[in-house]
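There are 2 protein chains.
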Amino acid sequence: MSELTGNALVGQSGGPTAVINASVAGVVAEALNHGCIEEIYGTLNGVLGLLHEDFIDLASESQQAIRALRHTPGAALGTCRYKLKKQEDYERVLAVFKAHNIRYFFYAGGNDSQDTADKISKLAQQQGWDLRVIGIPKTIDNDLPVTDHCPGYGSVVKFVATTVRELACDHEAMGQHDLVSIVEVMGRNAGWIAAGASLAKRRDQPNDPPHLIYLPEVPFSPEKFAADVQRVLKREKYCLIVVGEGLIDADGNYVSAAEATDAFGHAQLGGAGEYLKSLVEQNLPGVKARVAKLGITQRAAAHAGSKADADEAYLAGQAAVKAAVAGETDKMVTLLRGDGETYACETGLAPLADIANGVKKLPREWINEDGVSMNFQFARYATPLIQGETAVPHDAGLPVFAHLEKVSVDKLLPPHEAK
Amino acid sequence: MSELTGNALVGQSGGPTAVINASVAGVVAEALNHGCIEEIYGTLNGVLGLLHEDFIDLASESQQAIRALRHTPGAALGTCRYKLKKQEDYERVLAVFKAHNIRYFFYAGGNDSQDTADKISKLAQQQGWDLRVIGIPKTIDNDLPVTDHCPGYGSVVKFVATTVRELACDHEAMGQHDLVSIVEVMGRNAGWIAAGASLAKRRDQPNDPPHLIYLPEVPFSPEKFAADVQRVLKREKYCLIVVGEGLIDADGNYVSAAEATDAFGHAQLGGAGEYLKSLVEQNLPGVKARVAKLGITQRAAAHAGSKADADEAYLAGQAAVKAAVAGETDKMVTLLRGDGETYACETGLAPLADIANGVKKLPREWINEDGVSMNFQFARYATPLIQGETAVPHDAGLPVFAHLEKVSVDKLLPPHEAK
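Chains as they are written, first to last, in my numbering: chain A, 631 to 1049; chain B, 631 to 1049.
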């Protein structure tokens, strides 16, 4: 494979995570090792930056700033909800790449983002523009296929499980059997995050909280729910429930959405957590229910981040550059788990098209028959992903995050006009 | 003052905090220094343990367990919602004290708990039972009078401000001016916690989030709210709001409760956060609103705890023992702030009766004229309380908290029967 000399561009897409910036740090650090990469740019707000030439010069950022990306949540380059759709959009992106001599393109994101990267890659091939495109996996939802797991997932699980363990200390202090505590976590289509809360159980303590986990994978039954809660309250001082926001009923409707309007057309507030609370209050007299809805805080909780996760996100960024320099293109970096007894993470590559069109479901066989707890196979899978604590520097009592100077790269083309 | 020899008893009361266990650790550690204290017991579940002789032998706990209390959230001795009311209850408590030769009683809690301690103390005096009673302040609500601040407050503020800073990184990544992010925090009657979120602003960056803080101290106006949000969204990419759960309208009703039933009598779900979300959706077309409700997680978040807070909670426990041994009784330990430029915390004493009957309001003059932000006086007050990070040991990726053996003390009286 002949050496390809030119500029590199890195972008971020989709919902931020606690570690997507670590992947950018990995790209930048590794790019500096390779003379064939002349400039290293970042595109602002994902594809919007691609269309509008909104690039910044990442090589001019300080070493501290790039290092600080390793513990900074959010997406330092910005992201967007915009999706390239028309052929003109892709043509424009390629024109921008040519104008800036972009020969390496690294894109951190989920399915949609890998699909975008794939299409850009294919168009470049058609047009004979020598371009190496490598995707970097990213999603708290952990639903990308092929890769063993996704950077971002370990940190959100660590935070959620930490929160459950702390809540347990709090609730344990109350001496009465009348508290149902509900924690609503993210996961619109899959229960990976809710399942991760099960790691809060200490080894060989199956009765530890979370006592009940409600997953989108298991159709929800209000009758079984009431029985589940009563069973736990007989045994324990309190019942700690973790529920995924995407809980669905037997007909496949979101339980919160199913309750979204009543017979008079009034909007109901709240999500799956508030819905479970209302079920408790309606069906279990004398039992109090309280809800915590972690919302976006969970994917931003770098202060409780997993070091394994941040390190792997960084590794994935490095691996993307190494693969591209070695001649690979149209692939996404995957995380592979070694076969040994001790967890080891290596990187691999998979065709972008395989990622773009697939979704990794939480395996049904990792859910216990009771439908509300996870078995040892899940624990074996997920436990290594939350190991180690991210070291976040603090100033005046609060975490300090990366600040990028964002020196703009000169625009070389006429402004983009949406058609 | 003659030396008083006998046993000591420590209890916890009210809602747990991240550091109330640190106060118990301080009591136990200090008690070991004084030969006049023979046994050191803990009462389980506060006053319930007092009535039922549910005592444990704290001296038999391991050094590690007592040390681990310094970073363990919840209330390791248990707490309860029960309140002593009848004279018979107090008589029973005193009988129990006499049976176990309790001469020192330390009680960590809020107003109600200090009131209970005061009444026990007064009854002992009436009956000529030489008893030294010292209260230890505790409440995330920070509303105890006399004391400069309350152990528990600094940690919850540190966690909330950390969360706001992390959310800011996440939201900053989105390039559109259409997101309202609402964080609901605790504080039924006072805005101390919501106000604390203002510490997330970096120095000299008044436009940093939180952009708007809605406090129970400032009657809520939906019209002003809509104008506030629009003003922020013009200037910023997103609008981050922190709201105290106890927000009230101009008539003094909780805004969430005011909306609790609609014209058809349907219960509405959610609290102040969901209420603000509904206002955004009704009044600002095209703007998305998202809610995070931290719930009880915030008062249990030891993993993001303030070292200053935990140290002061421990100090308060030690000070309680020192004061009692020195002959003080019927007092609560207070935290005092030195006059110097550098923050220094010392302890003082105040009559229990002064604590029991007062509430410390968030000073109106610390709230800016806009009603939605805090001024430098608040920052100067609260910043020292969140300094330093609690070191929580982790095992297998998750925090490890204290486990007490809870060796029971033999009961010496006939069982208590509620009359």
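Hints in this document: simulated from the structure, not taken from any laboratory.
For every residue, glycine included, the Cβ atom is placed at its ideal position computed from N, Cα and C.
Among the hints, erroneous ones may be present.
[Claimed, not checked] Dumping the calculated EDC-like pairs for lysine to aspartate or glutamate here, alpha-carbon to alpha-carbon at most 16 Å:
hint, chain 1, residue 1, chain 2, residue 2
1, A, LYS1036, B, GLU802
2, B, LYS867, B, ASP808
3, B, LYS1036, A, GLU802
4, A, LYS937, B, ASP1025
[Said to hold, decoys possible] Restraint ranges, calculated between C-beta atoms of paired labels, are given here:
hint, chain 1, residue 1, chain 2, residue 2, range
5, B, GLN757, A, ARG833, 47 to 53 Å
6, A, GLU995, B, SER692, 47 to 53 Å
7, A, PRO1045, B, GLN912, 35 to 41 Å
8, B, SER692, A, ASP984, 50 to 56 Å
Outcome of the hint check:
| no. | hint | verdict |
| --- | --- | --- |
| 1 | LYS1036/A with GLU802/B | 14 Å, holds |
| 2 | LYS867/B with ASP808/B | 7 Å, holds |
| 3 | LYS1036/B with GLU802/A | 14 Å, holds |
| 4 | LYS937/A with ASP1025/B | 13 Å, holds |
| 5 | GLN757/B with ARG833/A: 47 to 53 Å | 51 Å, holds |
| 6 | GLU995/A with SER692/B: 47 to 53 Å | 41 Å, violated |
| 7 | PRO1045/A with GLN912/B: 35 to 41 Å | 37 Å, holds |
| 8 | SER692/B with ASP984/A: 50 to 56 Å | 54 Å, holds |
Taken one by one, the earlier hints fail for this structure only at number 6.
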